[in-house]
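Residue strings, one per chain:
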Amino acid sequence: MTENIDVEVDESNLPRRVERRPIGAPSVIVDDLHITYRVFGARRGGTTQDRKSLWDRAVSLGRPDTGPITHVPAVRGVSFVAHHGESIGILGTNGSGKSTLLRAVAGLLPPTSGRVFTSAEPELLGVNAALLPRLTGERNIIIGGLALGLNAKEVRRSVPDVADFAELGDFLYLPMSSYSSGMASRLRFAISTIRSPEILMIDEALATGDASFRKKSMARIEQIRDKAGTVFFVSHSLASVRAMCTRALWIDKGVLVADGDVDEVADAYHAYVEGRTDASSGAKLS
Amino acid sequence: MSQNIAAEPLAPRISSAEAEALAARSGLEQMGVRPPLRRYIAQVWERRSFIWNLSASRAYSRNQGSYLGQAWAVLRPMLDAAVYVVIFGFLFHSSAPGIDNRAAFITIGTFTYTLFQTSVMSGLNSIPSNIELIRSHRFPRAVVPLATVMTETVLFGPILVAMVVIVMITGLLPGMGAVWPTWSWLTLPFAAFLLAVFSSGLAMFFARVGARAPDIANAMPFILTLGRYASGGMFMISAVVPDHLWFKPVLLHQPVAIFLELFRAAFGNESLIPMTPGLWIEATAWAVASFAIGFLYFWRAEETYGRD
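These protein sequence lines are chains D and Y, in that order. Here the first sequence stands for residues 72 to 357, where the numbers follow our numbering. Here the second sequence stands for residues 2 to 309, where the numbers follow our numbering.
I should point out that these hints are in silico values taken from the structure, not numbers from a laboratory. Keep in mind that a hint or two might mislead.
Said to hold, decoys possible - In silico DMTMM-like cross-links for lysine to aspartate or glutamate, where the CA-CA straight-line distance does not exceed 20 Å: (1) Lys324(D) with Glu47(Y); (2) Lys298(D) with Glu90(D); (3) Lys324(D) with Asp297(D); (4) Lys287(D) with Glu345(D); (5) Lys224(D) with Glu47(Y).
All of these numbers come straight from a predicted model, not from anything done at the bench.
Just chain D, with the same shape it has in the complex:
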């Protein structure tokens, strides 16, 4: 196996390969999902916008060097069914809509059209959780825990564990703005793993911190993964996707181009990425 695009994870840090579990009832159904971002301004002249209504022109009057509202379709009609016992990797180049799809399935981004059905509240485990920089680590753990839906008592009980896991030490009582970036991302990771949900979504959470913390966080992810019914996993690292998942979805420019056994899809994706000459992918503008 040659891994040219994998720079983050070396073999020793890879999770143990997930064993295949019996496939149960559906847990997530995605039906013709579309997500379109609305961007103000930008993109006048050039590119593809040719249909200009009077309203569009009126709106852009005050901004001579920008256009009106631009719609960026990030996900364009994705449908699939996920079952209990499946671990699903989402593959795709930068800007192909992987993270957007994950967020939409987690219920964090409202779909522009289409529907998502789930058997339980999915939880997105990520390193981008919102933290307030002026507050202390302790306060942020409390707010993060409450945002996750824990009650006040559970949150207070979990503070020492989270602080311990994130290796904050005395920095727990200093504002987040004084943290190193590694510390902040360790804390984010620790906060988002307070709960173990039935449907788990992991967005590039493996590249957090130094080697020793990566090992620790891998162990934590494995632990949560084994408890979860269905796991979704987004990563650029083909090796981790192969190790973590039993099935893979490949997304390109917002549409699903392959859906099947992880090794088959990963091989096809690898061949595609190797053979590709132009690096400009990204969402296709309509």
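Given chain D, work out where chain Y should sit, using these hints.
Frame of chain D, contents of chain Y only:
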């Protein structure tokens, strides 16, 4: 899978009708749909400690990063009041005929309007400025505008104390009537509570507007300045606006004017502004109506917050 190397779109394996039937059969629930009102209210109530913690932390972090820190929460409305006292208390002193202590009259008006103004402004910006939080966790979105208004209300605590002290000091100014403590001062926190409830309703209303059209944030300061004058922040509407104007009753009974009147009546130092049960009833009615309408209006777009 080799046919997919060119990244051709895959035909969907399941149609919409099949997906719906399968979801119904397996007992799955649709995500991102607005919950029924009753359940939504229960969800918001369950998150009350989240609202409280979020707002208390925000209140604390608000004035960090400046030398005077928390003192700015009190200093800002004081400076505001000082400007209006100089202009309307001493220069244009016909603005409130029959009032013994114009400086106190203006101070109370300005400080009270501050709570209203900051609540509406922060409610308007609450969704855009918390977009990260909204996009990383799932919770009833009404938490966001409610927490921002609660932040302003928490910060209003010390402002209320400062207001009482300043109003007493204005009694020492030349030409201003003295101010003595009365039992009615004990009703001030209740008046502040009603104003906070009223402002929450408006904040939720404008949170939805601001989430969809950020442009309104630019227009809002002008509307709020207009509101300050239309509510009699520094003059007496009943004395200054001529009787024959048709909109005078509107100005007198619009909610913000009622709240300013309520605060002034609670100080009880002016015989022209008596404390009446009618005033409390009117203020309560406005507070309840505003909260109910704001909450409903916000809830109606629950599924759209976080979308760009």
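Check: Is lysine 324(D) close enough to glutamate 47(Y), meaning Cα to Cα at most 20 Å?
Finding: violated, 40 Å
Next item on the list: Take the C-alpha atoms of lysine 298(D) and glutamate 90(D), compute the straight-line distance between them, and say whether it is at most 20 Å.
Entry: Between lysine 298(D) and glutamate 90(D) the Cα gap is close to 13 Å, so the pair holds against 20 Å.
Check: Would the pair lysine 287(D) and glutamate 345(D) pass a check requiring their Cα atoms to be no farther apart than 20 Å?
Finding: At roughly 32 Å apart (the allowed maximum being 20 Å), glutamate 345(D) and lysine 287(D) break the hint.
Check: If you draw a straight line from the CA of lysine 324(D) to the CA of aspartate 297(D), is it 20 Å or shorter?
Finding: violated, 32 Å
Next item on the list: For the pair supplied as a hint, lysine 224(D) and glutamate 47(Y), confirm whether the alpha-carbon distance does not exceed 20 Å.
Entry: holds, 13 Å
Hints 1, 3 and 4 from the list above are not met by this structure, while the remaining hints are.
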